[in-house]
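Protein chains: 2
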Amino acid sequence: MRIALDAMGGDHAPEQTVQGASDFLQNCPDENITLILIGPEDAVKAQVKKHPFDPTRIEVVHASQVVDMHDRPARIVKSKRNSSLVRAVELVQSGEADGAVSAGSTGALLSASLFLLHRIPGVRRPAVCPLIPTAHGGFLLCDAGANVDVRARDLVHFALMARANSIHLFNHPRPRIGLLNIGTEAGKGNELTVRAHSLLAEHVDNFVGNVEARDLFAGVADVVVCDGFVGNVLIKIVEGMVLHVAGWARDKLKQHPIAQLALPVMRPALKDLAQELDYEEHGGSPLLGINGVVVIGHGTSSARAIMNAIRTAVRAHRENLLESIRRGIEAHLDIFEERHVVTTA
Amino acid sequence: MRIALDAMGGDHAPEQTVQGASDFLQNCPDENITLILIGPEDAVKAQVKKHPFDPTRIEVVHASQVVDMHDRPARIVKSKRNSSLVRAVELVQSGEADGAVSAGSTGALLSASLFLLHRIPGVRRPAVCPLIPTAHGGFLLCDAGANVDVRARDLVHFALMARANSIHLFNHPRPRIGLLNIGTEAGKGNELTVRAHSLLAEHVDNFVGNVEARDLFAGVADVVVCDGFVGNVLIKIVEGMVLHVAGWARDKLKQHPIAQLALPVMRPALKDLAQELDYEEHGGSPLLGINGVVVIGHGTSSARAIMNAIRTAVRAHRENLLESIRRGIEAHLDIFEERHVVTTA
Chain A
0 MRIALDAMGG DHAPEQTVQG ASDFLQNCPD ENITLILIGP EDAVKAQVKK
50 HPFDPTRIEV VHASQVVDMH DRPARIVKSK RNSSLVRAVE LVQSGEADGA
100 VSAGSTGALL SASLFLLHRI PGVRRPAVCP LIPTAHGGFL LCDAGANVDV
150 RARDLVHFAL MARANSIHLF NHPRPRIGLL NIGTEAGKGN ELTVRAHSLL
200 AEHVDNFVGN VEARDLFAGV ADVVVCDGFV GNVLIKIVEG MVLHVAGWAR
250 DKLKQHPIAQ LALPVMRPAL KDLAQELDYE EHGGSPLLGI NGVVVIGHGT
300 SSARAIMNAI RTAVRAHREN LLESIRRGIE AHLDIFEERH VVTTA
Chain B
0 MRIALDAMGG DHAPEQTVQG ASDFLQNCPD ENITLILIGP EDAVKAQVKK
50 HPFDPTRIEV VHASQVVDMH DRPARIVKSK RNSSLVRAVE LVQSGEADGA
100 VSAGSTGALL SASLFLLHRI PGVRRPAVCP LIPTAHGGFL LCDAGANVDV
150 RARDLVHFAL MARANSIHLF NHPRPRIGLL NIGTEAGKGN ELTVRAHSLL
200 AEHVDNFVGN VEARDLFAGV ADVVVCDGFV GNVLIKIVEG MVLHVAGWAR
250 DKLKQHPIAQ LALPVMRPAL KDLAQELDYE EHGGSPLLGI NGVVVIGHGT
300 SSARAIMNAI RTAVRAHREN LLESIRRGIE AHLDIFEERH VVTTA
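Taken in order, these protein sequences are the chains called A and B. Residue numbering for the first sequence follows numbering that gives the first Met the number 0, starting at 0 and increasing by one per position. Residue numbering for the second sequence follows numbering that gives the first Met the number 0, starting at 0 and increasing by one per position.
Bound-form chain A, shown alone (with noise of 0.2 angstroms):
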């Protein structure tokens, strides 16, 4: 099996990506999965010398162009066809690859991935799963901000997909899943949402119903579904309030005597609760409904967050993720179709 990582990809590339790759590598012993690390080849090649990398796990293909911020993703195939992250999705076109990894902007990984790759058949929206970890183990948030427009049909899908996405790459054989919404009774929410309620219960495996965002951390749930709006919110809300709950705790600490002596012997324990919390180091998430498998990772880019995203890849790959997706999708097709009823004269 071959990944192709962006080697450029991520706030803190090539160094964090390509000791990612060196850490994945390390702690991998199957010897048949290699790595494809793409990117300016002098500026991997310098990294790449400083980790114990065996030459025949690796091998770097240059790409001159790198995506940046100011990049319009729609137009990313067409402005920057060299870049590191065009051609990892290349690389799984061609079949070169069995998987690509970028921690680069999650827009034009998902327009590449598009124009190169296509949908499964049957998905009108793909869409990003990230894992929200919790004391319980966490959950998946589908949509997380690949769609801010969406259907209530649109949800179903969301729903089959990362139902796969869960018990392929998280080992939960009946996922629980849930409708994010504003309270737990069937008639409740947005027009979206009283649509998607009725819609879920007919074609998905353990709906479990509403759920409400205050429950999230209890575990109501192993899947929740929402539109990529009201996700991003979410993510963008615990993000924040990891950040800066913690200085607020910290300072809150320096107020009383006391407790600021014993801030230093809390520290192991904070980091460790921080570094739970912190959804950026769990892997990234595939592309959801994407016909290859790309894994987006998060733009902090760790080595931490690079390694656990390639192993996604790898999961997804030798799962067959795709093939189950598609299996899900191809069973509930009639609800994108125009409903014929039949009578019998």
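Hints were generated in silico from the structure; no laboratory data involved. Mixed in with the good hints, there may be bad ones.
Pairs involving identical chains hold if they fit within one copy or between any two copies, as the list cannot separate such chains.
With a cut-off of at most 25 angstroms between alpha-carbon atoms, the simulated SDA-like pairs for lysine to any residue come out as follows [unchecked claim]:
hint, residue 1, residue 2
1, K187, M68
2, K48, P28
3, K235, R150
4, K187, G239
5, K253, G218
6, K253, P267
7, K235, W247
8, K253, E280
9, K187, L242
10, K187, S78
11, K187, R152
12, K253, H135
13, K77, G186
14, K44, D10
15, K253, G136
16, K235, G136
17, K187, P72
18, K235, Q274
19, K187, D67
20, K235, E275
Given the structure of chain A, go ahead and fit chain B onto it with the hints provided.
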């Protein structure tokens, strides 16, 4: 000034509501402010006896019925006309009270207020607007759940009403108004927020543009505008995190033997923090856009929350919040009208 209090509203009524009334009067030296406690006479008077009320500042008004969670909000005035919640609003309607406070059902209070007091002319959708505490004093979130499906122009009204609230109740001379969105650039977001952005820029003073959920706790805006679905998800995720992350942190600390030893000395500091983070303690919210002072307290209705909600009502009346909202809406009535271009011949 007379404020009517629904003594039966909230999870811990009438004990906590009556204690909140008592605490309010103890802390309010202005003897012109009196309270009307509404509920089943025996139940309320039994509580009143337990506190050192000045009999010239309190009156108990009998109401035999109590609104519960099984009542349909839209029918509340018909189905429970003699409930403490409906009677509180009626006293405002008749002029016997200058404001009403309830920690009961938001839906029922909104419905009763719409039916009995109507909207401020020009307002299409009343909204709720709680303070979300942060280390920087907090921000007002509007709408936090009264309206789940809105138009871009409704968001402008939310901004104008919440702005008046911020000025009069929180002493912000010129509050910064932000639009909750999934990116800070002007073109970002879903259909609703893209449209709302340009309307807000045109109609609202000191509009600071899009704000992202992750930055809310860093104090980027004094008023944050969004639809009620997103707003409700936001406050509930904050609530859920405060609730669950605290327990999670405790478990984590217990895994570190030395940190665990320090737990007892941390307790007062952590309690302080939890209380500051708890938006339910922060005084409830006026029903913005209703043509009368009606304050919804939070459902947990601790005595402190009730005391703060009464203070909010007093302040809304004293500052003439309604008149300020009326003027704000009037100055921008054109956003809900067809625009006629007048050409001089």
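Any of the earlier hints contradicted here, and which numbers? Result: no hint breaks.
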